[in-house]
Every structure is written in structure tokens, then in C-alpha cells.
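Here's the letter readout for the chains.
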Amino acid sequence: MKLRFAVLLVFVGGAVGAIAREFLMLFVPTLPHGFPLDIFVANVVASLLIGLSAGRYKRKIISDGWHLMVTTGIMGGLSTFSSFAYATSVLIKASMTSALVAAAYVLISLVMGYVAAVIGMKIGGMRTESSPRR
Amino acid sequence: MLVGLGGGVGSVLRWWIGRLVGESYKGHFPLGTFLINISGSLVIGYLSVLFNVDWDNRHGHGMVLNALVITGVLGGYTTFSSMQLDAARLAAEQHPRLAAFYLLLSVAAGLLAALAGAALASAQG
Numbered sequence: 001m002k003l004r005f006a007v008l009l010v011f012v013g014g015a016v017g018a019i020a021r022e023f024l025m026l027f028v029p030t031l032p033h034g035f036p037l038d039i040f041v042a043n044v045v046a047s048l049l050i051g052l053s054a055g056r057y058k059r060k061i062i063s064d065g066w067h068l069m070v071t072t073g074i075m076g077g078l079s080t081f082s083s084f085a086y087a088t089s090v091l092i093k094a095s096m097t098s099a100l101v102a103a104a105y106v107l108i109s110l111v112m113g114y115v116a117a118v119i120g121m122k123i124g125g126m127r128t129e130s131s132p133r134r
Numbered sequence: 001m002l003v004g005l006g007g008g009v010g011s012v013l014r015w016w017i018g019r020l021v022g023e024s025y026k027g028h029f030p031l032g033t034f035l036i037n038i039s040g041s042l043v044i045g046y047l048s049v050l051f052n053v054d055w056d057n058r059h060g061h062g063m064v065l066n067a068l069v070i071t072g073v074l075g076g077y078t079t080f081s082s083m084q085l086d087a088a089r090l091a092a093e094q095h096p097r098l099a100a101f102y103l104l105l106s107v108a109a110g111l112l113a114a115l116a117g118a119a120l121a122s123a124q125g
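Sequence lines, in order, name chains A and B.
For the first sequence, position 118 (counting from the first letter as 1) is numbered 118 according to my numbering, and the numbering increases by one without interruption.
For the second sequence, position 66 (counting from the first letter as 1) is numbered 66 according to my numbering, and the numbering increases by one without interruption.
Quick caveat, the hints were computed from the structure, so don't treat them as lab data.
Because the structure is a prediction, the values reported are computed rather than measured.
Note that the Cβ used here is the ideal one computed from N, Cα and C, for glycine as well.
Hints may contain errors.
As the list claims (entries may be wrong) - Facing chain A, a subset of chain B residues (Cβ under 7 Å, in silico):
1. G7
2. G45
3. T71
4. L85
5. L111
6. A119
7. L120
8. S122
9. Q124
Unchecked claim - If you want the ones that stay clear, here's a sample from chain A, every Cβ over 12 Å from chain B, calculated:
10. P29
11. T30
12. P32
13. H33
14. L37
15. S53
16. R59
17. F84
18. L100
19. L107
20. V115
21. T128
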């Protein structure tokens with residue numbers, strides 16, 4: 001694959017993912033005490049789908065280009081670590097209640113994101129009728 | 001549109017840095033994603049404080065920068081899903097302790113980086 005084409009695939013994927021995240025941020029409300037539900041949803045959904053996509057890629061069901069656009073581009077653009085870390089840092093300083101919300105946010109995000117990625121990989125790595133025989 | 005543009009730029013930057021780190025570091029630890037996430041957290045802390053100050057004075061310019069840089073570039077640059085995928089892979093490859101260490105270290109270092117970035121911007125302000 002030409003480098004220029006690869007850059008284009010990552011760029012387009014990242015743009016699509018970031019716009020999807022922006023829509024989530026517009027329509028998903030922040031819960032009481034500042035729990036960032038929008039970023040949480042984006043991160044967990046992206047973790048599930050990145051696992052799925054990686055599993056399909058391992059089974060050679062999706063091509064290199066498709067993998068680059070979906071896994072590196074869209075899922076990387078949809079999920080975000082910087083907003084996750086910054087929201088936590090703000091909540092931790094705000095008050096005792098919001099510090100507890102921050103701790104819950106980190107814990108639930110880590111656990112749910114991890115479980116989502118593992119489940120995605122399991123489902124994505126399953127053999128289907130279209131997958132080539134090993 | 002701005003978010004998309006920024007997200008595209010940030011994602012290409014992430015991919016490029018990930019490749020560079022991958023060429024020079026061959027260990028199990030997902031160093032590329034780790035460095036990307038921590039540097040992104042530092043910058044978001046710094047810029048969030050900086051832009052918030054400017055919103056009062058600059059009549060909307062802050063919103064453009066916010067969409068382009070914070071939601072777009074930094075959101076596209078850093079990634080939560082790749083971190084979880086790396087961790088899940090490590091665990092599947094018989095390195096569950098390294099996976100847990102990686103996740104916890106990422107969160108702790110990211111949090112400290114965001115706090116440091118915000119403190120730096122406040123000190124300048």
C-alpha cells in the first residue's frame with residue numbers, strides 16, 4: 001500500500017470517528033455530579049468495535065486498508081484518552097462528591113472498556129462461513 | 001467540520017508516532033500508545049485552562065480552537081480503544097500482569113499529566 005494512500009485512510013477514519021464522538025457529546029447528557037457519560041459511551045463502544053475489527057483482521061476477513069481505516073482511524077478517533085484524563089483531573093479537584101464520581105468513572109471505564117475489547121476480540125475472532133480455513 | 005479536520009490530523013499524527021516508536025522499541029509494553037496518551041493529556045490540561053481564560057475576552061474564537069484542537073486533534077491523537085486492545089492482547093499472550101500494570105500506569109500518568117498541564121497554564125495566566 002502506498003504511504004500516501006495509508007495516510008488518507010487514517011485521516012478519513014479519524015475524521016469520521018471524531019465527528020461521531022462530537023455527535024455523542026451533543027446528544028448524550030452529562031449525568032448528575034459530572035459523570036461524563038458521553039465520553040464513557042464513546043470509549044466503551046469504540047473498545048468493543050476495535051476488538052471486533054482486530055479479530056476480523058486476524059482472521060483475514062478484512063483487508064489491510066480496511067483495518068487501517070477502521071481500527072487505527074475510526075476507533076482511534078471515536079475514543080479519546082485525553083478527555084478521559086482531563087475530565088478526571090477536573091472532577092478530582094472540584095469537591096469530595098465529584099472526586100468519588102471521578103474514581104467511579106475511571107474504574108467503570110477501565111473495566112467496561114477492557115471487557116468490551118475482550119468480548120469484541122472473541123466475537124471478531126470466531127470462524128464464520130466467509131472466513132478462510134486455517 | 002472542524003472536529004473532523006482535527007480528528008483526521010490527530011489520527012495521522014498518532015499513527016505516525018506509533019510507527020516511529022514501533023521501529024525503535026520492540027518490547028511487550030505498548031510504549032507508543034502510552035507516550036501518545038500521556039503527552040495528549042498534558043496538552044489538553046494546558047490548553048483547556050488557556051482557552052477557558054480566552055473565552056471571556058475573545059468572543060467565540062475559543063470555540064473554534066476548542067472544536068478544532070481539543071475535541072478534534074487531541075481526541076483523534078489520543079486513544080482509549082487502542083489502549084484496551086493492547087491490554088486485551090497482552091492478557092491473551094500470557095502477560096496479564098503487564099496488561100494490568102499498563103492500564104493502571106496509563107491512568108495514573110495521564111491524570112498527573114493533565115493536572116500538570118492545567119497547573120502550568122494557571123501559573124502562566
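Evaluated hints:
no.	hint	result
1	G7	2 Å, holds
2	G45	6 Å, holds
3	T71	6 Å, holds
4	L85	5 Å, holds
5	L111	6 Å, holds
6	A119	10 Å, violated
7	L120	13 Å, violated
8	S122	11 Å, violated
9	Q124	17 Å, violated
10	P29	17 Å, holds
11	T30	15 Å, holds
12	P32	22 Å, holds
13	H33	18 Å, holds
14	L37	15 Å, holds
15	S53	9 Å, violated
16	R59	15 Å, holds
17	F84	6 Å, violated
18	L100	15 Å, holds
19	L107	9 Å, violated
20	V115	9 Å, violated
21	T128	20 Å, holds
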